[in-house]
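**Student:** So you can see what is in the structure, the chains are spelled out below.
Number of protein chains: 2
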Amino acid sequence: MTIKKPTYAEIAAKKVKQRDAKFIKEWLVPDDKLPSSEVKDVLKWIQKSGFLSSKEIEITQSNITTILANIKAREWTSVEVTAAFCHRATIAHQLTNCLSEIFFEDALIRAAELDKHYEETGQTVGPLHGLPISLKDNFNVKGQATTLGIVNFCFNPEKFDEDAVLVKILREKGAVFYLKTNVPVAMMMPESNNHIWGNTTNPLNRSLSSGGSSGGEASLIKLRGSPMGVGSDIGGSIRIPASFQNLYAIKPTFGRFPTYGARSGLPGLESVNSVNGPLGNSLDDLEYYCRTVVESEPWFHDAKCIEIPWRKVELPGKLNIAICADDGFIRPTPPIRRAVKIVEDALREDGHDVIEWVPEDHLRLSQIISAFFLSDGGVHVKQETEATGESIFPYMKPYENAVDIPVSELWKLQAERTHLIKKYLDRWNATAAITKNGKPIDAIIMPVTPFAGNPNGKFHDYVGYTSPFNVLDYSVGIFPVTRADKDLDAKDEQSTNYNESDRKIWDDYNPEANHGGAAALQLIGRKFQEEKVIEMMKVVSQLINYSD
Amino acid sequence: MTIKKPTYAEIAAKKVKQRDAKFIKEWLVPDDKLPSSEVKDVLKWIQKSGFLSSKEIEITQSNITTILANIKAREWTSVEVTAAFCHRATIAHQLTNCLSEIFFEDALIRAAELDKHYEETGQTVGPLHGLPISLKDNFNVKGQATTLGIVNFCFNPEKFDEDAVLVKILREKGAVFYLKTNVPVAMMMPESNNHIWGNTTNPLNRSLSSGGSSGGEASLIKLRGSPMGVGSDIGGSIRIPASFQNLYAIKPTFGRFPTYGARSGLPGLESVNSVNGPLGNSLDDLEYYCRTVVESEPWFHDAKCIEIPWRKVELPGKLNIAICADDGFIRPTPPIRRAVKIVEDALREDGHDVIEWVPEDHLRLSQIISAFFLSDGGVHVKQETEATGESIFPYMKPYENAVDIPVSELWKLQAERTHLIKKYLDRWNATAAITKNGKPIDAIIMPVTPFAGNPNGKFHDYVGYTSPFNVLDYSVGIFPVTRADKDLDAKDEQSTNYNESDRKIWDDYNPEANHGGAAALQLIGRKFQEEKVIEMMKVVSQLINYSD
Chain A
1 MTIKKPTYAE
11 IAAKKVKQRD
21 AKFIKEWLVP
31 DDKLPSSEVK
41 DVLKWIQKSG
51 FLSSKEIEIT
61 QSNITTILAN
71 IKAREWTSVE
81 VTAAFCHRAT
91 IAHQLTNCLS
101 EIFFEDALIR
111 AAELDKHYEE
121 TGQTVGPLHG
131 LPISLKDNFN
141 VKGQATTLGI
151 VNFCFNPEKF
161 DEDAVLVKIL
171 REKGAVFYLK
181 TNVPVAMMMP
191 ESNNHIWGNT
201 TNPLNRSLSS
211 GGSSGGEASL
221 IKLRGSPMGV
231 GSDIGGSIRI
241 PASFQNLYAI
251 KPTFGRFPTY
261 GARSGLPGLE
271 SVNSVNGPLG
281 NSLDDLEYYC
291 RTVVESEPWF
301 HDAKCIEIPW
311 RKVELPGKLN
321 IAICADDGFI
331 RPTPPIRRAV
341 KIVEDALRED
351 GHDVIEWVPE
361 DHLRLSQIIS
371 AFFLSDGGVH
381 VKQETEATGE
391 SIFPYMKPYE
401 NAVDIPVSEL
411 WKLQAERTHL
421 IKKYLDRWNA
431 TAAITKNGKP
441 IDAIIMPVTP
451 FAGNPNGKFH
461 DYVGYTSPFN
471 VLDYSVGIFP
481 VTRADKDLDA
491 KDEQSTNYNE
501 SDRKIWDDYN
511 PEANHGGAAA
521 LQLIGRKFQE
531 EKVIEMMKVV
541 SQLINYSD
Chain B
1 MTIKKPTYAE
11 IAAKKVKQRD
21 AKFIKEWLVP
31 DDKLPSSEVK
41 DVLKWIQKSG
51 FLSSKEIEIT
61 QSNITTILAN
71 IKAREWTSVE
81 VTAAFCHRAT
91 IAHQLTNCLS
101 EIFFEDALIR
111 AAELDKHYEE
121 TGQTVGPLHG
131 LPISLKDNFN
141 VKGQATTLGI
151 VNFCFNPEKF
161 DEDAVLVKIL
171 REKGAVFYLK
181 TNVPVAMMMP
191 ESNNHIWGNT
201 TNPLNRSLSS
211 GGSSGGEASL
221 IKLRGSPMGV
231 GSDIGGSIRI
241 PASFQNLYAI
251 KPTFGRFPTY
261 GARSGLPGLE
271 SVNSVNGPLG
281 NSLDDLEYYC
291 RTVVESEPWF
301 HDAKCIEIPW
311 RKVELPGKLN
321 IAICADDGFI
331 RPTPPIRRAV
341 KIVEDALRED
351 GHDVIEWVPE
361 DHLRLSQIIS
371 AFFLSDGGVH
381 VKQETEATGE
391 SIFPYMKPYE
401 NAVDIPVSEL
411 WKLQAERTHL
421 IKKYLDRWNA
431 TAAITKNGKP
441 IDAIIMPVTP
451 FAGNPNGKFH
461 DYVGYTSPFN
471 VLDYSVGIFP
481 VTRADKDLDA
491 KDEQSTNYNE
501 SDRKIWDDYN
511 PEANHGGAAA
521 LQLIGRKFQE
531 EKVIEMMKVV
541 SQLINYSD
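As given, the protein sequences belong to chains A and B, one line each in that order. The numbering of the first sequence is the numbering used here, which starts it at 1 and goes up by one. The numbering of the second sequence is the numbering used here, which starts it at 1 and goes up by one.
Treat each hint with caution, since some may be false.
What the hints assert, rightly or not - Here are some of the chain B residues that sit facing chain A, going by a computed Cβ distance under 8 Å:
no. : residue
1   : G268
2   : E270
3   : F300
4   : A303
5   : E307
6   : W310
7   : V313
8   : G377
9   : V379
10  : K382
11  : D404
12  : S408
13  : I421
14  : G438
15  : V539
No wet-lab data here; the hints were simulated from the structure. Fair warning: this is a prediction, and the values are worked out from it, not measured in the lab. All residues carry an ideal CB built from backbone N, CA and C; glycine is no exception.
Please model the entire structure based on the sequences and the hints provided.
**Tutor:** So, in structure tokens, the structure goes:
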């Protein structure tokens, strides 16, 4: 008798069943009480649903600094806070399918231990004492799996023995881990969809994607199922979902935050490095998180971290800001163009020196990064997906057809990249010749993608607005600006298109379908300028004064 | 009629002839006045020869801080200083064949301009005003060639249009460039020999090699033909020559000093990065140089430089030092063992906490770095050497037989390396458990090679004492300890050997042939700890109080 090898669907079903059994039953909203699939915008649904107590609402609507202060002041316990977020995350998941692993029980035990410690000693264990933090499903957490949306990783290993360095640090500082969030296959697609957990949708408009690869994080945080979370970015994977959900986020320079012990979809790739950073609801939250991580001196625990302390930034009274409204390859759609204009007008009105940034080499930089991603011929991705025979999403086709190039070819690409990043730096410096104060620009502000969210399954495969800044390794922040509005963002007359991709995006833009989608932008600083990027985002955000 | 393609020897001869024509005739010592080849130790020959004036001797025996102070005090002009070093470098070259390109005339013109500027404005142009600095022949200097010891680069290009970023910075700070120094073919051999300029010997014992790849620098500086110079290191190329000449030197962590615009023997290689750093006669000189470069904020001009300022270091009263006397693969020869003992005894006597460092993974790290060097299948090296048909040195044979591996294989090596450097960091931290003050070690002190210089052409092909710290990317300093002495360093009874290489080095050790060779050691700090490494070397050097 032969034992039939399980199909990938069977393996995935088993995994999902095990996960689903861990939800706490009384927190699940009965199916018939959930909004129908016709209801697209579910942003306010949870707090209006009546399924959360007023205290749960108060806790989950709070920013992390408030939560931490209330725990410290003994207004709230960590158990109360953790339970509130577990409860809300459960409902968020019912709305947008944003979770992968859940471990609420471990979290509540941990929270109780922290409460006990605080009660007994009068001391918090650290600056994150009692705070739940959500994690993208690439961070290894002791006792949990890390699947990366690959069926073969469902039970392989079933659990990791050790926390990733970042997780270890956050835990030591008092964080409570309670779940991990959905990602695309191998984290290499612009939508968070895979054969284990399925697709995560966007709470602003559920017919739109949450984006990828940190889509689960962004969808969950937007629904306040998490007060803050950590994503990762190697081509836009923090920024695209953060922008699609109108969140604040940081894509740091590599070496600022520890990456060791995160599972990679492309292990061993170093021509461009994945980084991780926070997604959240406020800039103060991001700043608090970043400062806490950097002040833990991660360079003593991750050999690739760099000893740069968290620095106090004094911004000049008026900023020099370059605006790149259009990268010259794909023209942004109307809501994004409107977002750029809102920001540009506000900056000019406030007296900042706004110049135009004409991108050079963005296309070549984005071609080079794609070549880096595919340079192993997709060997690793194919090996892991073929192991269970899972079917290949169209987004992953390039990995099927990739060539495992010889290292001599890689060296040529790397040498070319070295020249291009030097050229970019020189151009940045050269703006000193055209600013009013004779100093170079402080930042570039530009779109994150050409669109304010894409209908599920229909991301146009162009990450040329984000990926150049992975090659350049600049520090980048995301900030919300507005939401797509079918009346304000009508499809205007078609101009001449740059190319076939541009024409296609133009043709596909549908103000009705895009209605409510987020229009956030990115603010790009030099390398290792995370502090300054946050301060500059504060300036811009105060000027535009937007919140969802 | 066909024009016969010149042979590599003809191309090299033309290049050398052009270079030789640039020497200033009256500075050349007549052949019959030079020491015979039987004279091995030429360290003091120049100052005793009578060919330098007493002022030239005074200038060239001075450290850079004295030179700069005297120029500033108008005791010496930059022209006087530059001429003195050009003169002495000429004789140094006659003794050890240490130079490649020379451009004394340009230097004297530049020095005169600096003197004029100072006279007219009362201001120096910067902290290096008027100081000649020698450069290893991989730094591009505007108007000069960079041959890397490869015949095909003799006239290809004949001159570079632009300074390397480091050269540009040093020039802006006031440095005067007057020559470049010899290297091995592609800088990838442990001796500075090639088919253009030939072999550079060691002034402490000319039957010994100057080492490689910064051998020209080390030989020249030891003869005070340069007050300080810049070398580069990707496997030991600063440290081996500095140790063979008993100099002080710094191999920094990548990103501390700018590297853009240096010609590479392995362009595009990034799995391990070449770094550059100073070689000199005093720690104060090195510190002054490092501070000057870092305070120029090179991160604004080299996209790979990292914004870490030059920091003031407060050392603990007593250091925690780990000593690695033997890496367990090749046993150091008697002079090196004696050098380690001198340092260890001095540290213990002064009350520092000395523990033993048992190296783990050094062999694997050195295998991995070799695999990185060869990972392009030697394609670039072969292409450039085959272009003129130059014959291949035995040291370069691995490049002939290398395989251009697929990137998927490179990723595996890189992933393994990532784990090994984390493991090393954890081991370093774990020393806190065995030190008296419960803090981790401040440094490791260990040999640079197993020998105190090698007879020309007979380097045993093992760089396992240096190359692991390129993979680890730690900051390392070199400091002189003693010189090999045929009476003190007798060949002792052969113990059991670790392996065949170890046995061969043991068999070949000849106290007579090695007499006078330098026995310097390396002091290894964590990443980006160049300031602390210099301070620690000061402590050790004061204790052992050695100078040649």
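**Student:** A separate judgement is required for each hint: does it hold in the structure or not?
**Tutor:** Results for each hint:
1. G268: holds (3 Å)
2. E270: holds (5 Å)
3. F300: Cβ of F300(B) sits 6 Å from chain A, so the hint holds.
4. A303: holds (4 Å)
5. E307: Cβ of E307(B) sits 5 Å from chain A, so the hint holds.
6. W310: violated (13 Å)
7. V313: Nearest chain A Cβ about 13 Å off; hint violated.
8. G377: This interface hint holds because 6 Å falls under the 8 Å limit.
9. V379: holds (4 Å)
10. K382: Since chain A brings no Cβ nearer than about 10 Å to K382(B), farther than 8 Å, the hint is violated.
11. D404: The hint holds - D404(B) has a Cβ within 8 Å of chain A, the shortest such distance being about 4 Å.
12. S408: holds (4 Å)
13. I421: holds (4 Å)
14. G438: Violated. Min distance 15 Å.
15. V539: Cβ of V539(B) sits 22 Å from chain A, so the hint is violated.
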